[in-house]
Amino acid sequence: MKTHTEYLWFETKTRKELVRITPQLDEILKRSGVKDGMLLVSAMHITAGIIVNDDESGLHRDIMEWLEKVAPVDPNYAHHRTGEDNGDAHLKRITVHHQALIPVTDGRLDLGPWEQCFYAEFDGRRRKRVVVKVMGV
Amino acid sequence: MKTHTEYLWFETKTRKELVRITPQLDEILKRSGVKDGMLLVSAMHITAGIIVNDDESGLHRDIMEWLEKVAPVDPNYAHHRTGEDNGDAHLKRITVHHQALIPVTDGRLDLGPWEQCFYAEFDGRRRKRVVVKVMGV
Amino acid sequence: MKTHTEYLWFETKTRKELVRITPQLDEILKRSGVKDGMLLVSAMHITAGIIVNDDESGLHRDIMEWLEKVAPVDPNYAHHRTGEDNGDAHLKRITVHHQALIPVTDGRLDLGPWEQCFYAEFDGRRRKRVVVKVMGV
Chain A
604 MKTHTEYLWF ETKTRKELVR ITPQLDEILK RSGVKDGMLL VSAMHITAGI
654 IVNDDESGLH RDIMEWLEKV APVDPNYAHH RTGEDNGDAH LKRITVHHQA
704 LIPVTDGRLD LGPWEQCFYA EFDGRRRKRV VVKVMGV
Chain B
604 MKTHTEYLWF ETKTRKELVR ITPQLDEILK RSGVKDGMLL VSAMHITAGI
654 IVNDDESGLH RDIMEWLEKV APVDPNYAHH RTGEDNGDAH LKRITVHHQA
704 LIPVTDGRLD LGPWEQCFYA EFDGRRRKRV VVKVMGV
Chain C
604 MKTHTEYLWF ETKTRKELVR ITPQLDEILK RSGVKDGMLL VSAMHITAGI
654 IVNDDESGLH RDIMEWLEKV APVDPNYAHH RTGEDNGDAH LKRITVHHQA
704 LIPVTDGRLD LGPWEQCFYA EFDGRRRKRV VVKVMGV
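Chains as they are written, first to last, in the working numbering: chain A, 604 to 740; chain B, 604 to 740; chain C, 604 to 740.
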């Protein structure tokens, strides 16, 4: 069995942003040499998540506006007493989940026809990391 | 180490539906020959998800009504400019998550006493696919 | 390839509670002997979940208050016709997701600097179980 681990770094220009990372995952998978198994992609910072969905700009706007309703910016979060102002970003990460596991079949990411993997940044403009671990044969 | 991959197809009669798939997963696990490891079940279409919860019809109604509040049908999603009308289904998939990883122990799905696995369709009445990948010894 | 499985039991004093379990996961990982792979932690009872986020008490209060808004206590859930009164707890589990997969690298849980793993109890004061499965080399 093989394992292979890499880290992706992000520093988005805006505070909230969806970044398509399927191409980077494809390359990591190639370097891993794994033909059959699973690829885990997990946001290591607690104000970012991972979404597997459509690569359509209108939908991305919908997702971000919807998250603003579900887990809104609010100055009154108890977390802000620590000096932070990103309480909403923690809740948004929990809503979308912070990771996804992509099956690997015949040496390829076994995604559906419209499935693309996105890094979901909810408190950007600083360097943040994602771990990618491939395991299989 | 063994890997085993199968695909389940669904074409639900209604647009929104929960379909219990634990029996199909049990059969796939048997065919895989894996005794200890993990079974990944992941909805490949971006308007469906996977839920692991109770097999109780009242709860299922609650889940669907709750999702309607959290991620409502709305004609004004930006995604609908592409001609689609299923923006809510994308958001519902994100809410419930699109996949689950079931541990396999002693040749069985290592689920809790009331845990059952459901395919959660949010935009049905057409053929859609789920990937099941088993990995272990 | 190695696999290693243990179960954690919880009986929280309050009905809703976040319990940090990273130390227990560290110990299980050590006992597994796995140096590179993945550790799955999954709540086996359908009114509890797993959260990977910051260990900050203000944030924990925010998470619990936020979940009360997203998936509120409500006497009118259809599920309650079975005699239960925990419909909200099922929906809270779905919101936060019931499991997380932690990468293992160099014999350690490969978590971000502030990532801590929590058992999220939404209907406690009775014995409930979490499965932890490690797989790797």
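Among these hints, one or two may not hold up.
Because identical chains cannot be distinguished in the list, a pair is counted as satisfied if it fits within a single copy or across any two copies.
[As the list claims (entries may be wrong)] Quick list of in silico lysine to aspartate or glutamate cross-link-like pairs, EDC-like style, CA-CA up to 20 Å: (1) LYS619 to GLU668; (2) LYS638 to GLU687; (3) LYS619 to ASP629; (4) LYS638 to GLU609; (5) LYS619 to ASP677; (6) LYS638 to GLU671; (7) LYS605 to ASP709; (8) LYS672 to ASP709; (9) LYS638 to ASP688.
Treat the hints as calculated values from the structure; they're not laboratory data.
Hint check:
Taking CA atoms no more than 20 Å apart as the test, LYS619 paired with GLU668 passes inside one copy only; the shortest distance there is 11 Å, against 23 Å between copies. For the identical chains of this complex, LYS638 and GLU687 are neighbours neither inside a copy (43 Å) nor across copies (35 Å), given an alpha-carbon limit of 20 Å. Taking the closest pair of Cα atoms, LYS619 and ASP629 never come within 20 Å of each other, the shortest separation being 24 Å inside a single copy and 33 Å across copies. For the homomeric pair LYS638 and GLU609, the shortest alpha-carbon distances inside one copy (17 Å) and between copies (16 Å) are both at most 20 Å.
In the homo-oligomer, the alpha carbons of LYS619 and ASP677 lie at most 20 Å apart inside one protomer (15 Å), although the nearest pairing across protomers, at 23 Å, exceeds that limit. For the homomeric pair LYS638 and GLU671, neither the shortest alpha-carbon distance inside one copy (39 Å) nor that between copies (40 Å) is at most 20 Å. Taking the shortest Cα distances, LYS605 and ASP709 sit within 20 Å of each other both inside one copy (15 Å) and across copies (14 Å). In this assembly of identical chains, the alpha carbons of LYS672 and ASP709 never lie at most 20 Å apart, being 41 Å within a copy and 40 Å across copies at closest.
Proximity of LYS638 and ASP688 under a CA criterion of 20 Å is satisfied in neither setting, with 43 Å inside one chain copy and 37 Å between copies.
Violation of the numbered hints given earlier is confined to hints 2, 3, 6, 8, 9; the remaining hints are satisfied by the structure.
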